Amino acid sequence: MGLMKKLWTLLIRPSQRIALGIILVGGFLSGIVFFLVFHFTMNATNSMEICISCHEMDGVYEEYRESKHYSSASGVRATCSDCHVPHGKTFGDYIDKFLAKLTIGSKDIFHHLLGTYPTRESFEKARWHLAQNVLANMRARDSKECRYCHSFDAMDMEEQDKSAARKHKRVMESADKTCVDCHSGLVHKEPVAPAEQAQKEPVGGSDKK
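Heads up, the sequence shown is in this note's numbering, so the first residue is 330 and it goes up one at a time.
Derived from the structure by calculation, the hints contain no laboratory data.
The model shown is predicted, which means the values in this text are computed figures rather than measured ones.
Take these hints with a grain of salt, some might be off.
Here are the simulated lysine-lysine pairs, BS3-like style, with alpha carbons at most 27 Å apart [what the hints assert, rightly or not]:
id, residue 1, residue 2
1, K496, K518
2, K506, K418
3, K454, K430
4, K473, K498
5, K418, K491
6, K436, K498
7, K430, K397
8, K418, K454
9, K496, K454
10, K491, K518
11, K518, K397
12, K397, K506
13, K518, K436
14, K518, K418
15, K426, K518
16, K496, K473
17, K436, K418
Here are the in silico distance ranges between beta carbons for each label pair [what the hints assert, rightly or not]:
id, residue 1, residue 2, range
18, M486, E450, 39 to 49 Å
19, W457, E391, 10 to 20 Å
20, E450, G417, 32 to 42 Å
Glycine is no exception: its CB is placed at the ideal position from the N, C-alpha and C atoms.
Turn these sequences into a full structure, and let the hints guide you.
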């Protein structure tokens, strides 16, 4: 009780109230500035310009430009972040987006600065493993980014190819697969698995002397 009384006595003093008010207002304004900077940074790092600014993305960007996600009859274009960055309207989605940028995004920047893949050839050699990591993340979210644009509820099965409609109906009923299990090669080419890559490489090096 003695401590609370002393605290109350300090708070009711005019000088203390002014100081407390300054602290509260300053903290509130600092919070607003931090939120605006944070929100701007989150959105800015979603831009296509940021995504393709590293040389490692040259090859995959060329593939993207030849895909239906870049140019289609509908005129709808999906950017890198639409497929590779969690997004949604819930607080949980926002947290997932922040964590993805903090972990995956930071890791990409780290390897770029470190020069892990200095050439397109070195990137292609590691591409299968990189692709498996991306697919694993997408499967963990049940292809939520795909479903943000492509929902079963909006699909007209009568307008689809019979084989596609049959497979979609089966997945809707069983939920044993997710979008990327069947559609992983739509935008980027399927990378060659290490075992297949080893079979294609000549044994004993080049024949040239």
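How the hints compare with the structure:
Pair hint K496 plus K518 holds up; C-alpha atoms about 22 Å apart against a cutoff of 27 Å. With a CA separation close to 24 Å, the supplied pair K506 and K418 stays within the 27 Å bound. Distance check on the hinted pair: K454 and K430 sit about 25 Å apart at the alpha-carbon level, within 27 Å; holds. Of the supplied pair hints, the one linking K473 and K498 holds, its CA atoms being roughly 18 Å apart against a limit of 27 Å.
Between the alpha carbons of K418 and K491 the distance comes to roughly 34 Å, so the proposed pair goes past 27 Å and is violated. A hinted pair counts as satisfied when its Cα atoms are at most 27 Å apart, and K436 with K498 does not qualify at roughly 38 Å. For the proposed pair K430 and K397, the alpha carbon gap of about 26 Å is at most 27 Å, so the pair holds. Proposed proximity of K418 and K454 is contradicted: the alpha carbons are some 37 Å apart, above 27 Å.
Between the alpha carbons of K496 and K454 the distance comes to roughly 33 Å, so the proposed pair goes past 27 Å and is violated. Using a Cα cut-off of 27 Å, the hinted pair K491 and K518 holds, with the two alpha carbons roughly 25 Å apart. Between K518 and K397 the CA atoms are separated by roughly 13 Å; this keeps the pair inside 27 Å, and the hint holds. Only pairs whose Cα atoms come within 27 Å are accepted, and K397 paired with K506 is accepted, the gap being roughly 23 Å.
Between the alpha carbons of K518 and K436 the distance comes to roughly 23 Å, so the proposed pair stays at or under 27 Å and holds. Between K518 and K418 the CA atoms are separated by roughly 31 Å; this puts the pair beyond 27 Å, and the hint is violated. At most 27 Å may separate the alpha-carbon atoms for a hinted pair to count; K426 and K518 meet this at roughly 25 Å. About 19 Å separates the Cα atoms of K496 and K473, which keeps this hinted pair within 27 Å; it holds.
Using a Cα cut-off of 27 Å, the hinted pair K436 and K418 holds, with the two alpha carbons roughly 26 Å apart. In this structure, M486 and E450 meet the distance hint of 39 to 49 Å, their C-beta atoms being roughly 44 Å apart. Between W457 and E391 the Cβ separation comes to about 18 Å, which falls inside the hinted range of 10 to 20 Å. The hint said 32 to 42 Å for the Cβ distance between E450 and G417, and at roughly 37 Å that hint holds.
Hint compliance for this structure: hints 5, 6, 8, 9 and 14 are not met, and every other hint is.
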